Amino acid sequence: MTRAGRLDGRIALITGGASGLGAATARAFVREGARVMIADIDEGRAAELARELGDGAAFVPCDHTDRGQTEAAVAATLAAFGALDILHNNAGGPFAGPVESADDAVLARVIGVNLVGVFKMTQSALPALRESAARRPHGASILFTSSLQGIKARPNYTVYTASKHGVVGLVKGLALELAPANIRVNAICPTVTETPMLRSFLPGMAPDMDEARARLKATIPLGRMPEPEDTANAALFLASDEARMITGVALAVDGGQMAG
Amino acid sequence: MGYPDFRLDGQVAIVTGGSSGLGQAGALALANAGADVVVAARRLPECEAVAEQIRLMGRRALAVSVDVTDPGSTRALAQAAEEFGPVSILFNNAGVISPKSLADTSAEEWRRTLDVSATGTFLCSQAVAPAMSRRGRGAIINMGSILSSVGMANRVAYATAKTAVISITRCLAVELGPSGVRVNAIAPTVIVTDLNRKLTETQPELYRRVLERMPLGRLGQTDDVTGALVFLASPAASFITGQTLYVDGGFTAG
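Protein sequence lines correspond, in order, to chains A and B.
Heads up: the first sequence begins at 1 in UniProt numbering, then just goes up one per residue.
Heads up: the second sequence begins at 1 in UniProt numbering, then just goes up one per residue.
Honestly, the hints are just simulated from the structure, not real lab data.
Given the structure is predicted, the values throughout are model-derived calculations rather than measurements.
Any given hint might turn out to be false.
[To be verified] Computed footprint of chain B on chain A, listed as stretches where at least three residues anywhere in the stretch have a Cβ under 8 Å from a Cβ of chain B:
#, stretch
1, 172–180
2, 211–223
3, 240–251
For every residue, glycine included, the Cβ atom is placed at its ideal position computed from N, Cα and C.
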């Protein structure tokens, strides 16, 4: 039985697309009919995932804090697939530690990766996204992977929290600015998920990883940690036509943490 | 690899206010995603008409008359629904609007507006959630509004009722989460339905101010909202609870 995919005919660019939430989203997008450009600083893993996904995917090395590389990632997408309909600003970087431990290098890295870089990536993609929104039947959209720390705070994550709150501000501003062009802009705010980034994240909560996991779980009403697929499904929904009236939202994928 | 999907095959849904407007659209969308549906509203013949549409789609359907403000009636609804099938989805959609100013809203209208939206959501959840909790599976979707987040002149009763619905959503998400029941809300902008279509055409000035503040530049259609309903009901949203998903074309972002 063939089934129409939610993203049939769409072309997506996913930063940080080679691992964790980005890889889960790339798999979900391809499964639902999209073609995906996997942009990642880890070229080897990006190439490996592109091979796994076959004709539906390609890869480009990309450090999204470098404007030359964000421009090149968009150019590579247009060269491979001919258009760009969905930009998923997923790449980000963690930091856990008390406020005094965030030296200038940490500040530059965390704000640079989580906020300035995604801004540059968005600017580089806008001409192609505007073209898609104007000429292609399904319009264009931008997704951001923010974080639960994009809408609430946690001690020892203050710099990270500030950067991810910044992303939600970016989403609201872009949503208003780009709505007339019919480009929707939304954020997904996952709680700490079982990904490679987890190892850098949990020590902020407890010295022992298992203890940190247990403490985290105790704060989640649904009583489990999320899987990358939970976030990928939210991204899939927000990028699809079913969300055509949804723009400017920050959707928490958090098992109820925000509610309580 | 067991990837969760957006389908609702084998699930049983209750839709209150299911005889018209967004409730009817929601009932049809849930059925289209594979669910069997209990269509509940005050007027049985209208519920039966929607149920018949669902049967024509190849799904099972049951029409039930309910007064969501009466605990006896909501218990009877839950019981009839359980006899029809194991309920795993509840769409608390019933609501009334009284578009009046502070001066013109009577105490009775105030109470009635809060009673249908807030008390109705509370009573239906209270009646239906225990069986969901016992089975360790359920999704409750409540109907909020952009007025759950912003104020508007001549909507004091409605906005208060819709804000209460969000509070119910958060509390029940925390309370029912450990037993596997998720609770979320959808909060749409003005949606054009059979109830207000004529008004939007003959008295566009009523909607002009909303439209001017709509970044996407149009009012909503029922199909704009049903995607969010099906998503939140489905296994694809299995880690999302306590959320209010605004389906508002950017209205509340600015």
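Hint by hint, here is what the structure shows:
1. 172–180: Holds, because 5 residues of the stretch 172–180 of chain A bring their Cβ atoms closer than 8 Å to Cβ atoms of chain B.
2. 211–223: With 4 residues close enough to chain B, the hint holds.
3. 240–251: That given contact holds, which follows from 11 residues of the stretch 240–251 of chain A lying within Cβ reach (below 8 Å) of chain B.
Taken one by one, the earlier hints all hold for this structure without exception.
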